[in-house]
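Q: The chain contents come next:
2 protein chains.
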Amino acid sequence: MSSSSPLLAELIDALRCLPGVGAKSAQRMAFHLLERERERGLKLAGVLEQAMQRIGNCSRCRNFSEEPVCALCASSSRDRHVLCVVESPTDLAAVEQATGYRGQYFVLLGRLSPLDGLGPRELGLHLLTERLAEGEVEELILATSPTVEGEATSHYLVQLARAGGVKATRLAHGVPLGGELEYVDRGTLAHAFGSRQSVE
Amino acid sequence: MSSSSPLLAELIDALRCLPGVGAKSAQRMAFHLLERERERGLKLAGVLEQAMQRIGNCSRCRNFSEEPVCALCASSSRDRHVLCVVESPTDLAAVEQATGYRGQYFVLLGRLSPLDGLGPRELGLHLLTERLAEGEVEELILATSPTVEGEATSHYLVQLARAGGVKATRLAHGVPLGGELEYVDRGTLAHAFGSRQSVE
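Chains B and H, in that order, give the protein sequences. Each residue of the first sequence is one higher than the one before, starting from 1 at the first, in my numbering. Each residue of the second sequence is one higher than the one before, starting from 201 at the first, in my numbering.
Keep in mind that the hints are not guaranteed to be accurate.
[Stated by the list, open to error] Label-pair distances were calculated between CB atoms; the ranges are: (1) H/Gly-319 <-> B/Ala-74: 35 to 41 Å; (2) B/Gly-22 <-> H/Ser-395: 33 to 39 Å; (3) H/Ala-363 <-> B/Gly-22: 20 to 26 Å; (4) B/His-173 <-> H/Gly-374: 34 to 40 Å; (5) B/Arg-38 <-> H/Gly-374: 53 to 59 Å.
[Unchecked claim] Straight-line alpha carbon distances no greater than 25 Å define the calculated PhoX-like cross-link-like pairs of lysine-lysine that follow: (6) H/Lys-367 <-> B/Lys-43; (7) H/Lys-224 <-> H/Lys-243; (8) B/Lys-167 <-> H/Lys-243; (9) B/Lys-24 <-> H/Lys-367; (10) B/Lys-43 <-> B/Lys-24; (11) H/Lys-224 <-> B/Lys-43.
These are calculated hints, taken from the structure and not from any lab test. All C-beta atoms, glycine included, are put in the ideal place defined by N, C-alpha and C.
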């Protein structure tokens, strides 16, 4: 195709920046847009340009936002006494979509990983410390990933909460709902077994 | 997410114009671009806008092209005596990538389907007739799909070639290479059986 339309070849190549899109899918997408969805393709181009240029991070919670303070932080209907700490905006979206949580968030944009140059400063923990010092937050919910680095981050956050005199809670870990026990990995099963709870 | 950044929500929605991209993938794509690929995302926006606005159809072969006559038609290294008729630019790309074909193409942008309002005029067959009348084409290769409508189109094209005094050939139909005979569909197997060829 490259010989027939350089611009088309360029479009196919540019589409490959999307995750999970290889040469074949990119070609399919380009042809689909050209053949059937010119209007929406043009709309996507405009929105994409705007989003890439204007979306930054909220100065309060570090989530994606095109405003200095995001709508979630500015909202008066969200409970300011509970603060949920997540690693990424994707995690925030997952919590927001799955749970009925009505408090506020703090996004680390990473997890403690000194070898990768990610220290407390890079995770904006000074902002979090300030936030806790404001005295409004009563519970800090730690929703970091259950990985080694996520656990280390969580541990650090517990210290921070303690220093600020704020109660810290963690997401419950254990056997996922709807799964077969035999397929649950050993670590999870051992943890769930050890943390068994009494039944009324 | 919609409550946190309207622009992000708009981007996720706009990404759904891509084929095979649902709400979940669109969200993943948007986050990926924002977190890691702003530069390439911006590049994509630019190329996409250019492509949607500037890519039209070649006046000679009807393939996608940003020039009035596409590079394939303008090329002096392509054989002008052979013309391959395909239904879509995607089919052209498939032939171009799989075969060593060095002739020229004619793209129908559809197939004869009177019920959908697709007649000879919509398929640009007047252009094809003019092209055959030029007297340069010696062989018309019919590479329409082996569907009912594709066959009807092919039949029509054979008449056109005959009227223009041009030899018409069709892609060979039969058992695909590398498949198991037991999984070949009945129609194909019956056709392949009926069209069996003598072995030297």
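Q: With reference to the structure, classify each hint as holding or not holding.
A: Results of checking the hints against the structure:
1. H/Gly-319 <-> B/Ala-74: 35 to 41 Å: 58 Å, violated
2. B/Gly-22 <-> H/Ser-395: 33 to 39 Å: 36 Å, holds
3. H/Ala-363 <-> B/Gly-22: 20 to 26 Å: 44 Å, violated
4. B/His-173 <-> H/Gly-374: 34 to 40 Å: 58 Å, violated
5. B/Arg-38 <-> H/Gly-374: 53 to 59 Å: Since B/Arg-38 and H/Gly-374 have Cβ atoms about 38 Å apart, the given range 53 to 59 Å is violated.
6. H/Lys-367 <-> B/Lys-43: This hinted pair is violated, its Cα atoms lying about 46 Å apart.
7. H/Lys-224 <-> H/Lys-243: At roughly 23 Å apart (the allowed maximum being 25 Å), H/Lys-243 and H/Lys-224 satisfy the hint.
8. B/Lys-167 <-> H/Lys-243: Judged against 25 Å, a Cα distance of about 46 Å means the pair is violated.
9. B/Lys-24 <-> H/Lys-367: 34 Å, violated
10. B/Lys-43 <-> B/Lys-24: 23 Å, holds
11. H/Lys-224 <-> B/Lys-43: The given pair, whose Cα atoms are some 20 Å apart, holds under the 25 Å limit.
Going through the hint list in order, the structure does not satisfy hints 1, 3, 4, 5, 6, 8, 9.
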